[in-house]
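S.K.: From first to last, the protein sequence lines stand for chains A and B.
With the numbering used here as the guide, the letters of the first sequence map in order to residues 1 to 326.
With the numbering used here as the guide, the letters of the second sequence map in order to residues 1001 to 1326.
Calculated from the structure, these hints are not laboratory results.
Glycine residues also receive a C-beta, built at the ideal position from the N, C-alpha and C atoms.
Just so you know, not all the hints are guaranteed correct.
To give a feel for the contact side, a few chain B residues facing chain A, derived at Cβ under 8 angstroms [said to hold, decoys possible]:
no.: 1; residue: G1136
no.: 2; residue: A1139
no.: 3; residue: I1173
no.: 4; residue: E1203
no.: 5; residue: E1206
no.: 6; residue: L1207
no.: 7; residue: T1221
no.: 8; residue: L1229
no.: 9; residue: D1235
no.: 10; residue: L1240
no.: 11; residue: I1244
no.: 12; residue: L1252
no.: 13; residue: L1256
From chain A, some residues computed to sit far from chain B (all C-beta separations above 10 angstroms) [stated by the list, open to error]:
no.: 14; residue: L51
no.: 15; residue: G86
no.: 16; residue: S87
no.: 17; residue: P112
no.: 18; residue: L160
no.: 19; residue: S194
no.: 20; residue: D195
Protein chains: 2
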Amino acid sequence: MSSARPRVAVDALGGDNAPGEVVLGALAAAADGVDVTLFGPAGLDTHGLPLVETTEVIEMADKPADAVRAKPDSSLVAAVRSVADGSTDAVVSAGNTGAMLAAGLLHLRRLPGVMRPAIAVPIPAREGPSVLLDAGANADARAEHLLQFAHMGSIFCQELLDIPNPEVRLLSIGEEDEKGNALVLDAHALLRGSDLNFGGNVESRELLRGAADVIVADGFTGNIALKLLEGAIKDLLDALRAEIASTATGKLGGLLIRPAAKRLRTRFDPDTYGGAYLLGLRGLAVIAHGNSGRRAVANAIKLAARGVEHGVVERLDERLGQRVRV
Amino acid sequence: MSSARPRVAVDALGGDNAPGEVVLGALAAAADGVDVTLFGPAGLDTHGLPLVETTEVIEMADKPADAVRAKPDSSLVAAVRSVADGSTDAVVSAGNTGAMLAAGLLHLRRLPGVMRPAIAVPIPAREGPSVLLDAGANADARAEHLLQFAHMGSIFCQELLDIPNPEVRLLSIGEEDEKGNALVLDAHALLRGSDLNFGGNVESRELLRGAADVIVADGFTGNIALKLLEGAIKDLLDALRAEIASTATGKLGGLLIRPAAKRLRTRFDPDTYGGAYLLGLRGLAVIAHGNSGRRAVANAIKLAARGVEHGVVERLDERLGQRVRV
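Produce the complete structure using the sequences and hints provided.
M.R.: Here it is in structure tokens:
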């Protein structure tokens, strides 16, 4: 690494709560030792953080590939380019996921041998996090892509989570080898024949229990699973609160269990991790939730910094070269 | 209908808790006015319910299509055949879903014009149930299958749930028309061009909120979503209980909110519905959860009886003939 402190480029205009919460999250991460640079419009109040001025904005509704080409001086694209030209070590945005992927493919490019980058998301399971990938970078995938996602997830767990021999499982509609759609059946055979620690298929009902270190899925299925988890967690806790508030006894009980409910909410809160890694590029990119508040932004920036410190991209490059190139 | 009371054939050997809980569930449904016949081995204690003696058993691990052909006198296949020969009006099993589907295809056969039967499951959403289909009958599907699932789900809502103009949405990874995998993009175009009340794509995070009357997905995606919801609901409530039990104050609060938590559990309990309809066959089949207890079995039998009373199969036959045959 070129600097002692990880240098992270932050898209100040990304996400529903930009720029206010993004700047506050960046400040919090900077206070924790990350060398943060904001990318955004002239005159933005950065509370003293360095600003690279940009003139364009990518909106959530923009077509990703078009927008990335049409708006080279957008805060998102400029932040990605700062990683490509070596002036920062990693980039974080809570903006348009597709645009981040498109900008990454265009300006960072894929690591040698990588067919498709994948979004790797930590799932807050009971027995510690599982890493789910692909959580939405590729809506359609082939079996060999899923095999490569498994390799990337496995290396990620080894290097960043210190799990020596991570178990990989394939998300399917039954644990039996012959359960699944055509894609899963093909991917199952490839995984079974690989040198990965493959534990077979896993059903979605096991996801919150910590079914495996790495859960592999195509990006469509992974994204459906991830958003369903997030929605279910929120809706159930909200429904419980409404039920509790419907009686006086319940209300008193609700006060008494508030600390427990809060611990639960924190445990399953996607903001605890703050972001997802986009793996497979020649540079580190972290995608934060569109509705990130300052805490989620700060955690996403720290996630990026940790990835830099652990040399995730370098390790993926070395190890994918040995394991996956064909 | 040939009889005043719906006649329901019940596979006494289907499911993890068979035959004990199945027989008790059947008794409860019979007490509620359903004409129940059990299918199972000679000597089974049916508590006075009529028994059709069968000599074979289909196991959960059996290959469905093979088992259905190899074991024509299994409780499951015999129960399905009783619908085909008109001695009962509907069949319920908590056993092997694939075997139920295979037996249905072999002995009941598809309604004219139906390409693939689909499993339709009520999801306990906040604003009343949504019907999700296909929840797992077909792991792979084509766009025209999804269009037909939408028609079946829509007719189902009109006839059984008295919703005059049910809204149909397509499960995808974004609400925008252009979000999805290749299958979803194709299905979206077909749905948009149909006479259905199509509300566009829906994200999985909306499922528990009651996003639409009918949610359409291929059987792989639908099954992933359904099992994830079930797992998340159970795991979150269990986790909350554990958090509450970890402090004395929490324990007291837990006692006070117990009625609220119980209401919540009931509301989101899959057993409240008890089963899923297998739609598209020339006879009514209800698949109960493998781990059904007596309450779930009773509810599944009553679900089957309601389907008979509403003439679900006849209505599907009439309306699919007008709407879907091409």
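S.K.: Each hint: holds or not?
M.R.: Checked hints:
1. G1136: Constraint on B:G1136 satisfied, holds at 6 angstroms.
2. A1139: 4 angstroms, holds
3. I1173: 4 angstroms, holds
4. E1203: 5 angstroms, holds
5. E1206: The hint holds - B:E1206 has a Cβ within 8 angstroms of chain A, the shortest such distance being about 7 angstroms.
6. L1207: 6 angstroms, holds
7. T1221: 6 angstroms, holds
8. L1229: 6 angstroms, holds
9. D1235: 4 angstroms, holds
10. L1240: Holds: closest Cβ of chain A sits about 5 angstroms from B:L1240, inside 8 angstroms.
11. I1244: At about 5 angstroms, which falls below the 8 angstroms cut-off, the nearest Cβ of chain A leaves the hint on B:I1244 intact, so it holds.
12. L1252: 6 angstroms, holds
13. L1256: With a closest approach of 3 angstroms, the B:L1256 hint holds.
14. L51: Non-interface label stands for A:L51: nearest chain B Cβ at 31 angstroms, farther than 10 angstroms.
15. G86: Its Cβ never comes within 10 angstroms of chain B, the nearest being 34 angstroms, so this holds.
16. S87: About 33 angstroms separates A:S87 from the closest Cβ of chain B, which puts it past 10 angstroms; holds.
17. P112: 27 angstroms, holds
18. L160: 25 angstroms, holds
19. S194: 22 angstroms, holds
20. D195: At about 27 angstroms from chain B, A:D195 clears the 10 angstroms cut-off, so the statement holds.
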